[in-house]
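Chains A and B are the protein sequences, given in the same order. Numbers 1 to 513, taken from the working numbering, label the letters of the first sequence in order. Numbers 514 to 1026, taken from the working numbering, label the letters of the second sequence in order.
Think of the hints as simulated: they come from the structure by calculation, not from any bench. Note that this is a predicted model, so its numbers are computed, not measured. Hints should not be assumed to be uniformly reliable.
To be verified - SDA-like, lysine to any residue: derived pairs with alpha carbons at most 25 Å apart:
1. B:LYS907 / A:GLU300
2. B:LYS619 / B:ALA651
3. A:LYS270 / B:SER942
4. B:LYS1022 / B:ASP1000
5. A:LYS270 / B:ASP904
6. B:LYS622 / B:PRO557
Number of protein chains: 2
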Amino acid sequence: MPTAPPVTGRRRLAVCDLGSNSFRLVVFTSQDGWWRRTDEIYQPVRIGEGMAATGELGAAPMRRALETLEVFAHFCSASGLESDEIDAVATSAIRDAANQEAFLSKAVKRAGIPIRVLSREEEATYGFLAAVNSTTLADGCVLEIGGGSLQLVSVVGRHAAESASWRLGAVRMTERFLDDDGPATKKQLDRVRAHTRDRLERAPWLGRSGDRLVGVGGTVRNLAVAAQREADLPSGGVQGYVISRETIDGLVDKLASLPRADRGKVRGIKPGRADVILAGAVVIQTVMEVGGFPALETTEAGLREGVFFSRFLADRGDPPVFDDVRSASVLNLAAQYGVDPDHTAHVAKLALSLFDALAAAGLHPGDPMERELLWAASTLHDIGVAVDYDDHHKHTRYLVLSAGLPGFSPREVALIAQAARYHRKGMPSAGPLAALLRKGDNAVLDRCAVLLRLAEDLERSRDQAVRDVAVAVDGDAVTLTLDAEGDVSVPRWAARRENELFSRAYGRKLLVA
Amino acid sequence: MPTAPPVTGRRRLAVCDLGSNSFRLVVFTSQDGWWRRTDEIYQPVRIGEGMAATGELGAAPMRRALETLEVFAHFCSASGLESDEIDAVATSAIRDAANQEAFLSKAVKRAGIPIRVLSREEEATYGFLAAVNSTTLADGCVLEIGGGSLQLVSVVGRHAAESASWRLGAVRMTERFLDDDGPATKKQLDRVRAHTRDRLERAPWLGRSGDRLVGVGGTVRNLAVAAQREADLPSGGVQGYVISRETIDGLVDKLASLPRADRGKVRGIKPGRADVILAGAVVIQTVMEVGGFPALETTEAGLREGVFFSRFLADRGDPPVFDDVRSASVLNLAAQYGVDPDHTAHVAKLALSLFDALAAAGLHPGDPMERELLWAASTLHDIGVAVDYDDHHKHTRYLVLSAGLPGFSPREVALIAQAARYHRKGMPSAGPLAALLRKGDNAVLDRCAVLLRLAEDLERSRDQAVRDVAVAVDGDAVTLTLDAEGDVSVPRWAARRENELFSRAYGRKLLVA
């Protein structure tokens, strides 16, 4: 498995995302091999308010925007952020406003922050970077839908192959086609679909590079939350959640059947988005239909992360993408909590060594995916110590579930979190995460947890004294032989305590030679 | 409020606590103004096994002890701990063993770790330091009960005034008086009480310095867990939990009525302690009776923390104690998560300024305890950002509840955690912590949460642009006037959103001038 890239010294980037609906300042920090969002200010500025009628930014929205930019400037100055650490980007509303120039010069005068108005192509590129750096998408398509526009990027071998952008955003489509208060009629929806289908003809490449579709943006995230609620899943974020075409269809039908004022009552739908989500969902539905995508994969990363990745990963070549998103996520989270890397790497090594030997002996299927989950749980098992030593196995679970692991599905994150939860004692169970697991996953959890526990027992002195472990299967018993220097009676004695769980996981008695 | 002491550079101390029942290595780390336990190895060595009969450490227990010491030595060496960063201390079993010398020389030879055998007075002193540095005890008594011995220290003005130690530990008393399998008879218990009472005559000072009694050690902690379960309280640790005399009496009666093998089935009682907990509880009960103590306050700190404090606080004079345990706890937790201290201190300042002005205007009682909780919630409100920016208010609650705040009661910790939980949005409620709160606490929570929110709104630019805030009450309205430089339209606008919660908390409309 790869090791963390050698990043030292703190680097920061404040991305000011000046969207049609809201302005958001997000500070990303990278240091000692990790990166994450460390600060955020959100203001629902609604700079696009009234623009449909006039084509211009209105006086009141502009005033709100300038006040907010001034707060952002104060914040950056108070945080010691230099001008080259601030990147303010504007999208659809400001891009299309007839009085854009006037606004930009006022903004620089009032707040001293220069604003980059993104072209549609640039916006699409940032959406692409957000998607490929937060999922395992190699071939397929990225869909990014905002208030003003829709961007689609076809992806081949983790590179952007084709891209296009249309004025098919959720706010715009609502204003144009669904701007009344009652339930939406079939005729209205068909008009949205026909219009979208017509526009998508400019993208004959849609769906040709593969049938995976990754969705970016608030509309996608909110539909994912609604889909999770409907499936009664625990609300642990939507990163990696897959929404089937049927689920989207069901949500469209349900939202359309309600008067606009009631759409916020659908479980999971945000009240602030209730008036425009239907149009966004219908556009997405039409993209799926035209491109032949069976499902939509959600990512929580968006434009802001795209801007960050374009700088943070600049030395990775073009495009700036992680080689392996999954291992990058795990190592990023581990590095944030400063776990002892020698100990952790050795526990992972011993656990994988046991995994491989038991697979070779035919005691389990040796699924490479299961092996990767075991590696992730081993690498992260101790991060909870940052909260408190007592119950640190439970704290590890909390931290893994809270931060998430981009590139892994919610089910895989649950398995990693539960395996780490049981790295000390107790008989593993899915607990509050049961709804996320599939048939057979309890056995995966048992197998991962007991190997992690054995590896931790063998590395009890934290000095890698047990270099490796050999496995011999004889009838109903598995015998571990330790390759070690010095006295290993305590690791041996500790490992023997895992007999009960080992029997349950592998159907054999455990002996330690 | 005091600020964090200027500690820089990492310091570590590995305390090896070689007790009669278990050996435990705990690593304490202090750095940049915080300290906490960062590592631990536990082995249930039971070095005292069989000693009652022979007066000597047995061959098998000694072998287990030496193996474990070797693991500790490997661990310390792998962690880069120097010999002056390791302090191995032995208590009752090793202190009293006839073959102590032989064991100590074998230990040095095998593991290279010199062992300090603590005198009874030293053991009592460490218990005292653990208690006064983790509670607000100023005048009263510290009770420390282990497997072998009982120590009592009378405390006057946070100094140890008198102390004594007896062979009244839980294991010893069980072996002597309660060593059969059936339920304990009244006669048996009376013999334990009479013996204890007789021994306590050596401490005529017991109870004279005040009626607060703080309990240290595993027996006390386990009784506290059982008391919490019986009261159906959430299991968030026992730090600061107060067990009444009646509750101890009830637990003694319940435990005594059961055969020894069944005592582990009492809710909260650890199976590994079930055979000796009754004797310990009766000794504690007798101390309470003799000293006239109405209740026993629990602390999670023990001998190991005492050893740590004796070094960590050595520059605080004699005895090495925190001036103010409560503020030290809050600042310690805040420092661990590296929140922006200027922002945090300014939010706290603004919140307290509002608190004082509203109290002066007669809009709330102005309770100094409530003021301190507001200060604590303000100081800690952002620590959850260390987990993830999203939902950081919830992560703050998790971190506060997980780490605990020595010096505060579970109820106070719950109020601090819930106030921080609601520092961004939502209408405050006690949520899962309701069982810990008293009548009137929901109003305290509303008042603290809304002032913290207002202070956060006013400090939205994080540059202390709003220097202070003045309050004017006129009829049914409270008007805030900001003392600020530059444009404050956004803070003003943000603060106006708190109207609903402000009305609920203070029964007045909120206006921002």
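Results for each hint:
As the CA atoms of LYS907 of chain B and GLU300 of chain A are separated by approximately 19 Å, the hinted pair is consistent with the 25 Å bound. With a CA separation close to 43 Å, the supplied pair LYS619 of chain B and ALA651 of chain B exceeds the 25 Å bound. The suggested pairing of LYS270 of chain A with SER942 of chain B holds, with an alpha-carbon distance near 21 Å, which does not exceed 25 Å. In summary, the hint linking LYS1022 of chain B to ASP1000 of chain B is supported, as the alpha carbons are separated by about 24 Å, within the 25 Å threshold.
Taken as a hint, the LYS270 of chain A and ASP904 of chain B pair is honoured in the structure, with Cα atoms around 16 Å apart against an allowance of 25 Å. Restraint check for LYS622 of chain B and PRO557 of chain B: the C-alpha separation of about 22 Å stays at or below 25 Å, so the hint holds.
When each numbered hint is compared with the structure, a violation occurs for hint 2 only.
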